[in-house]
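Chain E is already provided as a structure; the job is to place chain Y on it using the hints.
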Amino acid sequence: MVRFQNVGMRYGLGPEVLRDVSFELEPGSFHFLTGPSGAGKSSLLKLLFLAHRPSRGLIGLFGHDLATIRRDKLPELRRRIGVVFQEFRLIEHLSALDNVALPLRIAGVPEQQVKDHCAELLTWVGLADRMQARPATLSGGEKQRVAIARAVINRPSLLLADEPTGNVDPEMGQRLLHLFVELNKIGTTIVIATHDAHLLQTFRKPVMTLANGELVVRRPRGE
Amino acid sequence: MLRRPSDLQLDRDPSGRFLPFAVTLMVFLAMLATAAALALSQSALGFQHGLEGRLTVQIADEPGSSLAPRSGRAAELLRQTPGIARAEEMPREAVAALLQPWLGRDGLTRELPLPALIDIELTPGMAVDLDALQAHLADAVPGARIDDPRPWLDRLSRIAVLLEGLALAIVAAIGLATVAMVVFATRAGLAAHRDVIEVLHLIGARDAYIARQFQAHALRLALRGALAGTALAALALFAIGRAAAQLDAALLPPVEFGPLSWATLVALPLVASLLATVTARLTVLGALRRMT
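Protein sequence lines correspond, in order, to chains E and Y. Letter by letter, the first sequence follows residues -1 to 221 in our numbering. Letter by letter, the second sequence follows residues 27 to 318 in our numbering.
The hints are simulated quantities; they were obtained by calculation from the structure and are not laboratory data. Since we're looking at a predicted model, the values are computed, not measured.
Computed spacing ranges between beta-carbons, pair by pair:
| id | chain 1 | residue 1 | chain 2 | residue 2 | range |
| --- | --- | --- | --- | --- | --- |
| 1 | Y | F47 | E | R8 | 40 to 50 angstroms |
| 2 | Y | R213 | E | A65 | 24 to 34 angstroms |
| 3 | Y | R213 | E | R8 | 25 to 35 angstroms |
| 4 | E | I67 | Y | S41 | 31 to 41 angstroms |
| 5 | Y | S41 | E | L56 | 33 to 43 angstroms |
| 6 | Y | R213 | E | H50 | 16 to 26 angstroms |
| 7 | E | K113 | Y | L300 | 30 to 40 angstroms |
| 8 | Y | L202 | E | E212 | 54 to 64 angstroms |
| 9 | Y | F47 | E | R132 | 24 to 34 angstroms |
| 10 | E | H62 | Y | A195 | 50 to 60 angstroms |
| 11 | Y | A195 | E | R1 | 58 to 68 angstroms |
| 12 | Y | L202 | E | G185 | 50 to 60 angstroms |
| 13 | Y | F47 | E | A134 | 23 to 33 angstroms |
| 14 | Y | R213 | E | I67 | 24 to 34 angstroms |
Some but not every residue of chain Y turned toward chain E, in silico, with C-beta under 10 angstroms:
| id | residue |
| --- | --- |
| 15 | R30 |
| 16 | P31 |
| 17 | S32 |
| 18 | D33 |
| 19 | L34 |
| 20 | Q35 |
| 21 | R38 |
| 22 | R232 |
| 23 | D233 |
| 24 | Y235 |
| 25 | R315 |
Here are some, though not all, of the chain E residues that point toward chain Y, as calculated from beta-carbon distances under 10 angstroms:
| id | residue |
| --- | --- |
| 26 | L48 |
| 27 | A49 |
| 28 | R77 |
| 29 | L92 |
| 30 | P101 |
| 31 | I104 |
| 32 | A149 |
| 33 | N152 |
Using N, Cα and C, we set each Cβ at its ideal position, and we do this for glycine too.
This is chain E alone, in the form it adopts within the complex (with noise of 0.2 angstroms):
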């Protein structure tokens, strides 16, 4: 599903804040991806969500060589991964409602579809009488629960979440987190950036760690 290989990357002519970074994901896997802030998490989940291209190396996504592919094929990949960033960016003069719709949209779902979806999704986070409310109204906690809404609402193969249980209480994240768990047993390969320790502890999947611009990859024991 998703092969890096020997990647490297660096914002322009700045230096490497990846390097030869090497990982394969299968398909309806789970990890963490975690390390020290700046080790180069978000960079990397950058890469696995198109929004950079790598400096070298090689990176295969659902069977497609990124170095070779045209540009508008990308948006197909694109409706194949939800992404929950870390500062959500849910879009301002939208509600929680027509944020988490989004990607259905865009896929050009019939407009009641939509909205039934969206509803059941968002009354399932805890968000049903907060559906028509703007993101300046939500707290950090209600923000975090649509974009993660948003990016799970069309059932993506890979998902990818920076820091999702960042602004929540520990309930709502162990919550959120068994939301990921969830889809993933439906076939979804999760990847979930992290610092917390508690939560690598009490979901006992493999994590991916990121030092100084290089990774290691960790299995539990046992499994």
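Relative to chain E, chain Y alone:
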């Protein structure tokens, strides 16, 4: 019906607010330039049709020589010339009426030594050697001279073509200015909404999906401006028409726009709106290709 909000809040964009006013001005100017070109072209055509196959012979009033017998002799001679279908002496009142726009309605024309005029209609399809006719006429009737309007019509036609070209160039320049303004407004909009556009891209939006929102916005603004411009131009043309009707009508042939002329004028605001829409789309598609 379910209302779907726009992903990009372009209506609140300050960069697009001036666009309707600019399009109003552009459509107003383009309609006036086009109307002027159409009126000019029609006037030239009117002159041409009116004078086609027509000649005038002028017999100058000479002291000591009576005008009427010379005029009658000339008319008779002309009637016998092959290729001339009709030769008719114009009454003195008709000659005086021709001078009225320049000399006024007072009695001045009564005192002036007016020439006699013979209105000639040529037989269609038959050539007349005007040089030979002129020589023959001058021998037979002293002071007789053929007024051939064709060189004058040729010059008028050339000037009309030149002015039509100028009007077209003005309309083209206005079109280019409209394109430049739409490009500027669209680029400003793209810069203002860069973050949202990036999010839309990252969740799978195609360039065309984003471009559609910009082009629909440009179409709305341009249509608003074009309607206002059309209304202003209609008022201005009506006022010009009223003013022209009050001038002495003999100076200019009356201008009546046909269906094609009206269609050209009505098409202008629609073309301006379409131009704005296509420009916005191409600007967005070009910019997005460079963006990622």
